[in-house]
Amino acid sequence: MAGVTGGETVSQEMGMHTEQLRGRTQQVFFRPEEEERFVYPDAFDVDFNKRAEFDAGEMDPNAVNLKIRELMRDGHGTIVVKNPGAQHSLGVGILNRLNLIFEGSLGYFGCGLLDGPNVRVHGRVGWSCAENMMAGTLVVDKNAGSTFGAAIRGGDLVCRGSVGSRTGIDQKGGTIIVGGDTGAFSGFMMQRGRMVVCGNAGKNLGDSMYDGTIYVGGTIRDLGVDAVPGELTDLDRHWLTRKLTQYDLLPDKGVDHFQKIVAGKQLWNYDNLEPTEKKLVL
Amino acid sequence: MCGIAGVIHRGGTADIGLEMTSMLQSLKHRGPDSTGFAIYGKPNLDEYIMRFKVAEQEDLESGFEIHREIRDRKAVVDARMAEKGAELIDEQLATEYAFRYRFSFDGDVENLVRYIEDVEGAEILSLGHALELIKDLGDASTVSDQYGLRGFEGTHSIGHTRMATESDVDIRSAHPYWAYPYNDISVVHNGQITNYWIMRRQMERKGHRFMSSCDSELLAVYTADKMNDGYQLEDSLKQSIEEIDGVFTYLVATADKLGMAKDTMAAKPMVLYESDDIVALASEEVAIRAIVPHEIDTYDPYDEEVRVWQA
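Respectively, the protein sequence lines represent chains A and B.
Going by the working numbering, the first residue of the first sequence is number 21, and it counts up by one from there.
Going by the working numbering, the first residue of the second sequence is number 917, and it counts up by one from there.
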């Protein structure tokens, strides 16, 4: 239980949570007396053993999302959506526990604003998948488009294939795992959380990142402004091994070859230097 | 926003009029203002196919004399073609103001084009041995029905649904664009070109004509200029990423090829599907699924990526 009792120290050793959080954020630890705030008004109490499936082939996105909501209202905890047909904005705004399975590909803005469900996509996803995800897991079997996991705050977001550009842009927490390659500007303005890329990363990786950690197993075309190499520690190796094993993405050669990228914290927002002075420093 | 799409059949033909109509109709939400098609049949080097218009659609609602003026303008075009030695083989009326001519001609094509476009209201939409370019206001189904595109057998096609942001809602500002002197080139584009005026002035100094103020036309002129200078399509696309600033993804078609290029920021979408028989690409996968309905493996090309496929 060392990881729990020494949680704060472990996080800091890994380069996480080094800033002082102020005010109420998504990471506030709720007190028991705030129980009513654990559950969203639109969340449903579901039974994972109660299963339903339907064919979305002739339905528009609004009808598909309403059908998912209707099934959750009836207590279904496992929902299978067949033939999603790469339609946009499917599976969005689910705020409770749920096993949601898409038997096919999603279009743009799939599964945005998730807070709690476990989603599996047996296909590909388009741009901006899982935008603003807060908790739960989402696993995509094939490739993903650009801005995969934009602004996510929590949960595990996994693409077993390759993803487009700007993966994890504005990431505020959680974990993004990419089995293949990622495009340019991945981790742009990343603020917290962890991103793992098993393949290669495009140009300007981690550009203007504030905090957080990026791990890359392949080559990095180049680093963005203020993204700097970090030292891969035993804690990093342990965490990478555990996470990649969990999603069956652990390379045969292990994780020793991964590069770690962190914020250099030399940008203007970290001190009081004037922009012209900052240019001299950089 | 705009939506772009392309499809090419490797070593075969298909009803590409229907295919492109389906793809563009599924991208209607990206651009409802106008729709354009560039479709390519089997090239016939003995004759030219010319699509041209002598008025805008909205002109029909602005005056009692417009119907007579359209007839008069077309008569002048016919006279000028005859004067230059073009022999008309076939003539089709696409709409009251747009026409499709097949003709034989062995003179200076650029000179002929300039002479025709000197007629008031006349604009050549396309001219070549394989290319037919159709564009008008409305969604894909509307334009396709209007011009009878379903059933057009060909090898490849590109298309565009336009959301007007920087120029008017009219046919002149609609995509695809073509440019002479290199025949059979068409271009569709999604993005913004930020050094448009600098590049346009460079092209104009070299003698190229621009028919619109739409930045996308630059890409057609640029490509025609490069290929006329001896560039291969792939080289022209690569060079454009170096020389043209902005955020853009664009498709270029020639008589027997389809190419794509993506800018250095990869800011504009493109989804690509390749199989042994067909290559389809579009701003959104939903357009590809309109012609390949089963589950497929697709991916997003990366920044600065250039691809060319042969029909």
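Treat the hints with care, as some may be off.
Restricting the straight-line Cα-Cα distance to at most 25 angstroms, the calculated cross-link-like pairs of lysine to aspartate or glutamate (DMTMM-like) are [claimed, not checked]:
1. A:K102 to B:D1213
2. B:K1173 to B:D1034
3. A:K273 to A:D242
4. B:K1173 to B:E1220
5. B:K944 to A:E78
6. B:K1142 to B:E1033
7. A:K102 to B:E1211
8. A:K280 to A:E297
9. A:K102 to B:D1141
10. B:K1154 to A:D242
11. B:K944 to A:D80
12. B:K944 to B:D931
13. B:K944 to B:D1055
14. B:K958 to B:E1069
15. B:K958 to B:D1034
16. A:K263 to A:D161
17. A:K87 to B:D1141
18. B:K1122 to B:D1141
19. B:K1122 to B:D1034
20. A:K70 to A:E90
21. B:K944 to B:D1061
Keep in mind that the hints were calculated from the coordinates and are not lab data.
Cross-check of the supplied hints:
no., hint, in the structure
1, A:K102 to B:D1213, "holds, 17 angstroms"
2, B:K1173 to B:D1034, "violated, 31 angstroms"
3, A:K273 to A:D242, "holds, 24 angstroms"
4, B:K1173 to B:E1220, "holds, 19 angstroms"
5, B:K944 to A:E78, "holds, 18 angstroms"
6, B:K1142 to B:E1033, "holds, 23 angstroms"
7, A:K102 to B:E1211, "holds, 11 angstroms"
8, A:K280 to A:E297, "violated, 29 angstroms"
9, A:K102 to B:D1141, "violated, 49 angstroms"
10, B:K1154 to A:D242, "holds, 21 angstroms"
11, B:K944 to A:D80, "holds, 15 angstroms"
12, B:K944 to B:D931, "holds, 20 angstroms"
13, B:K944 to B:D1055, "holds, 6 angstroms"
14, B:K958 to B:E1069, "holds, 9 angstroms"
15, B:K958 to B:D1034, "violated, 30 angstroms"
16, A:K263 to A:D161, "holds, 16 angstroms"
17, A:K87 to B:D1141, "violated, 54 angstroms"
18, B:K1122 to B:D1141, "holds, 9 angstroms"
19, B:K1122 to B:D1034, "holds, 19 angstroms"
20, A:K70 to A:E90, "holds, 13 angstroms"
21, B:K944 to B:D1061, "holds, 15 angstroms"
In summary, the structure is inconsistent with hints 2, 8, 9, 15, 17 from the numbered list given earlier, while agreeing with the others.
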